[in-house]
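> This is what each chain is made of:
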Amino acid sequence: MSNEPRPETEPLRRRGFVIRKERLYGRLIAVCAVLTIMVTVGIVLALLGRALTFWTAVSPVSFLTGTQWSPIISGTYGVLPLVSGTLLVTIASAAIALPVGLAAAIYLSEYASDRARSVLKPALEILAGVPTVIYGYMALVYITPLFQGVLPLSVPVIPSGLPGVPEFILTVPSLRTFNVLSASIVVGIMIIPMVSSISEDALSAVPDSLREAGYGLGSTKFDVSTGIVVPAATSGIVASYVLAISRAIGETMAVTMAMGMSPQLPYFPNVLRNLVESSQTMTAAMVQIAQADSLGGVTYEAMFALGMTLFVITLAMNAVAELVRRHFREAYE
Amino acid sequence: MAAGEDAVGRLRRGSGLRFEQLKGRVFEALLIGATLVGIVSLLVLFGYIVFDAVGPLAASPRWYLLYFGTLVTPTAAFTLYARRRPAVRAANARAFAAVFGGVVLSLAVYAVSDALSPYDVFIYLVFGGGPSVSIAVYARKMNDNTFAGPAVPVSMVIGVAVAAGFYDVLRPIIGTVPRWITYIAITTVPVAAITGWFAAREWTTRRGLLTAGVVVAGGFAVAGGALVSGIDPSFWVVLFSGTVVPVAFVVGSTAATNPEGRIGMLGPFVVIGGGLLGAVVERQFGIAGLDSYLTPTLLLNSWDGLNAANAGVYPQIVGSIIIVAFMGIMAIPVGIGAAVYLEEYAPATGWRGRLASLLEINIANLAGVPSVVYGLLGLALFRNTLGFGTGIVVAASGTLGFLILPIVVVSAQEAIRSVPDSRRRASYGMGASRWQTLREVVLPEAVPGVLTGTILALGRAIGETAPLVIIAVATTTYSAPSGLFSSATALPLQIFASAGNAKPEFRTGVVAATAIVLLALMILMNAIAIVVRNRYQKDD
Chain B
1 MSNEPRPETE PLRRRGFVIR KERLYGRLIA VCAVLTIMVT VGIVLALLGR ALTFWTAVSP
61 VSFLTGTQWS PIISGTYGVL PLVSGTLLVT IASAAIALPV GLAAAIYLSE YASDRARSVL
121 KPALEILAGV PTVIYGYMAL VYITPLFQGV LPLSVPVIPS GLPGVPEFIL TVPSLRTFNV
181 LSASIVVGIM IIPMVSSISE DALSAVPDSL REAGYGLGST KFDVSTGIVV PAATSGIVAS
241 YVLAISRAIG ETMAVTMAMG MSPQLPYFPN VLRNLVESSQ TMTAAMVQIA QADSLGGVTY
301 EAMFALGMTL FVITLAMNAV AELVRRHFRE AYE
Chain A
1 MAAGEDAVGR LRRGSGLRFE QLKGRVFEAL LIGATLVGIV SLLVLFGYIV FDAVGPLAAS
61 PRWYLLYFGT LVTPTAAFTL YARRRPAVRA ANARAFAAVF GGVVLSLAVY AVSDALSPYD
121 VFIYLVFGGG PSVSIAVYAR KMNDNTFAGP AVPVSMVIGV AVAAGFYDVL RPIIGTVPRW
181 ITYIAITTVP VAAITGWFAA REWTTRRGLL TAGVVVAGGF AVAGGALVSG IDPSFWVVLF
241 SGTVVPVAFV VGSTAATNPE GRIGMLGPFV VIGGGLLGAV VERQFGIAGL DSYLTPTLLL
301 NSWDGLNAAN AGVYPQIVGS IIIVAFMGIM AIPVGIGAAV YLEEYAPATG WRGRLASLLE
361 INIANLAGVP SVVYGLLGLA LFRNTLGFGT GIVVAASGTL GFLILPIVVV SAQEAIRSVP
421 DSRRRASYGM GASRWQTLRE VVLPEAVPGV LTGTILALGR AIGETAPLVI IAVATTTYSA
481 PSGLFSSATA LPLQIFASAG NAKPEFRTGV VAATAIVLLA LMILMNAIAI VVRNRYQKDD
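Here the protein sequences line up with chains B and A, keeping their order. Quick note: the first sequence uses this note's numbering, first residue 1, plus one each step. Quick note: the second sequence uses this note's numbering, first residue 1, plus one each step.
Watch out, some of these pointers could steer you wrong.
In silico negatives: residues of chain A with every beta carbon more than 12 Å from chain B [said to hold, decoys possible]: (1) Phe27; (2) Gly55; (3) Ala58; (4) Arg62; (5) Pro131; (6) Val137; (7) Asp168; (8) Ile194; (9) Leu290; (10) Ala367; (11) Val447; (12) Ser482.
Below, simulated BS3-like cross-link-like pairs (lysine-lysine); rule was C-alpha separation at most 30 Å, straight line [said to hold, decoys possible]: (13) B:Lys121 <-> B:Lys221; (14) A:Lys23 <-> B:Lys21; (15) B:Lys121 <-> A:Lys23; (16) A:Lys141 <-> B:Lys221.
Hints listed in this document are in silico derivations from the structure and should not be mistaken for laboratory results. These numbers were taken from a predicted model, which means no experiment stands behind them. Note that beta-carbon positions come from the ideal geometry of N, C-alpha and C, so glycine has one too.
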C-alpha cells in the first residue's frame, strides 16, 4: 500500500470496476451452467439428425419390427434381435443384482454394525468403479472357461419311471466362447452397488417409529425388516431397480467383449439355451459399426438410430425412477 | 418374578419360537452372504488376473524366503513399531506420500513432456504461466486483488495465443538449446520457486532465496554429472527436481522440527532398500524368480503383436494420461462453475429459478445417459461438425469431458452445499460481495470435497472405453501422442483389442498385466482422493 494520497476519483472508479467485475464473473459462471444444457442439446441434435436420415432410408416400422440385423453384410436393419439380446442380458443380470443388492441393502441398513457398514459400503462401491473393459476381460478369459468346465449339463429334475408324471430333464447345452451367461454375471456384479446404495438410502429413511411399533407388537427383527421396513421403502427400492436396469441396458464394453457379435432372436422353448449361446446387444452393435473400416452411409447412420433408441429408453427409465422416488420422498418428509 | 421366568423359559423351549430364532439367523446369514458375494467374486477374479500377470509358481521357495527376509519382515516390523506411536506414524505417512508421489509425478511429467516435446511445453509454460504468475505474485505483494482476478486468466489466454501465433519463430530459437536445459527450465525452476517459497514462509526470505538457489544449482550439478558419464541428463534432471528435492525437503524439515517422529521418515526407504537388496541377491545367486509380465518392458516398450515378451504399453499409458489431463483442464472448471451457479447464484424464483431447476434435472439425466451415447456426441461434434481427424487427443478429451461433466457438477454441488450458511452470512455481513464471499469463504471450505470428487471423476475417465471406441480412437499406436492434435490411444482400448487374442501369452499374460497397470492407475487416483480428503478433514 502506497502512502501517497490517491486522487478523489480513484475509489469511485475502483468501485465501478469491482461492480463490472462481479457482473462478469456472474455471467461466466452462468455460461458454465448453460454449457451443461448444451451437452444435452448436443446429444439430442447429434442423434436426431443422423437417426432421421437413417429412418428416411429405412422405415421406422421395418426397423422396429425387423427380425434380422445384418447391417454390414446384407444391409438389413431389424432391431428386434438386438433388443432381444439386450433384454436377455438385462433380465439375467437383474436376476443376480436385484435380489443380491436388496439383501445387501437390508443388511447394511438393518443388521450391520457401524463398523461393518463403514467397511462394506465403500467395498460395494468398488464394484461399480472397476472399468467395464476389465469386467469384460474377466468374463471372457476367466468366467467363461470356468463354466465351460461344468457345461453341458443334464439334470433329471423329474426322473423317468414315476407313475403319472412325465419325465423332465433339465438340459443346458455346452457354453460358447462368447455367451450371454458370463456377460450377465459381470453386468450383474457391476450393478449391485446401484441397487444396494439407493435402496439402503430408502430403507434408512423409514422412520424409526415404524420399527418400534413393530417391535412393540412383538415382532422379530426378521418380521420388522421384511414386513415393515421393506414395504415402507418400496418406492425407493423400485427406483433403484429401475436405475440399475437402465445401467445394464446401456452397458457396453463387458457385453461387447464377452457376448460376441451374433444378433439372435431368443430360443424357445429351451430358454436356458439363450444363456449359453452368443448374442448381441444394441450397444455392442454400435461398437461393431464404429469399428468397421468404412464409416459412412446407412450403416453409419444406423449407429445413431440405435443410439437414439438407447437414449430414449434410458431417459424414460431415469424419469420413471425419479417420479417413483419423489413419491417416496413425499411419504416420509 | 419366578413365574414370569418360567413362562419365558416355556416359550423359549416351544418349537415356534425356536423356529423363529432359526429363521432370523438364517435370514441374517443370507443377507451377509449377499453383501459379500459381489465383493468376494471380484476379489477372486482379481486374484486370477494377478496370478496370471505375475506368475508366482515359477519362483522357487528360496525366492520367497529371500524377499520375506529382505522386504516383508523389515516392513512389517517397522509398521508395527510405528503403529503405536502417532508422531512416527504421521511422519511415516508423509515420507511415503513424498517419495511415491514424487516418483509418480516425476515419471508422469517426464513422459508427457517427452511425448509433447519439452521445447513446446517450455514455450507454452513461459508465455502462458510467466505473466500470470508474475501478476498474481505482484498482487499478493501489493495486497490488492481487485485487478489481479481478471488479469491472471486473461494474461494466460493472451500468452498462450501469442505463443501459438509466434510458434514458428520461437521454436527454432528455443530449439538451439539442448533438451536437458529445457527440462531444467520446466521442472527444476518451478520446483525451486515452490521450495524457496515454502522455506521463505517457514524461515526468512534470505533462506528462501538460498534454498531456491541450491535447488537450481543441484539441477545443474545432476545434469553435469550425467553429461560427464555420457548419458542423457533429461530424465535425471526431472527425477532430481520432482523426487529428490521434495523428499529432501520433507525429510529435512520433519527431522528438524519433529524429533519424536523423525524415525518414521525411514519407512519408504526400508521398503525400497529391502526391494533393492532382494533384487541384488536374486541376481547375484541366480535364484529363480517370478514369471512376471508386469515388467519394465511392459511399461517402457510399445506394443508388439508377435512377441509377448517384447510387448509394452508405454504409448497407451502416456496417451491415457494426456487425454485425461487435457480433459480435466477443459471439463473441471466448467463443472465447478456450473455447480457454483446452481448453489450460489441461481435464484429460487422467477424464470431463472425455473432455469435452475431445469439445469438440475438435466444434470441428473446426463449422469444416467449410457457412455456409448457420449461417444456418438463426440463423433458428431468433433468429426462431422468440426472436421477433426480420427482419434486425436482433443476429440478423445472432449468426449470424455462431456461424460464426466455431470459427475463433477454433482460432487462439487455437494461440497459447496456442505459449507454452512452462517459463514456466508458472516461474510455478507462484513460487506463482502458475492464473488468475494465465494472466493474467500465458500470455495476454500469446499476445496477438499471438490478435489475428491474431481479426482474420482478423472479415475472414472481413465477406465472409460466405449466412447473412445465409438469415436474411433486407434486401439494401438506405436508412439505416444506428440501433441493435442495427434492421434493417441488409451490403456483400456489395448485391453479391449487384445482380450480375445488367441495366444495365451497375450490373453492371460500381457493383457492381464495391462489390466493391472490400468487398475493401479485408478487405485492411485483413488488413493490421492482419500489422502486429500483426510488431510483437509484433519485441519478442520
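> Hint by hint, note whether the structure agrees.
For each hint, the structure was consulted:
no. : hint                  : verdict
1   : Phe27                 : violated, 5 Å
2   : Gly55                 : holds, 16 Å
3   : Ala58                 : holds, 20 Å
4   : Arg62                 : holds, 30 Å
5   : Pro131                : holds, 19 Å
6   : Val137                : holds, 16 Å
7   : Asp168                : holds, 32 Å
8   : Ile194                : holds, 27 Å
9   : Leu290                : holds, 20 Å
10  : Ala367                : violated, 9 Å
11  : Val447                : holds, 17 Å
12  : Ser482                : holds, 25 Å
13  : B:Lys121 <-> B:Lys221 : holds, 22 Å
14  : A:Lys23 <-> B:Lys21   : violated, 68 Å
15  : B:Lys121 <-> A:Lys23  : holds, 25 Å
16  : A:Lys141 <-> B:Lys221 : violated, 66 Å
The structure shown violates the earlier hints numbered 1, 10, 14, 16.
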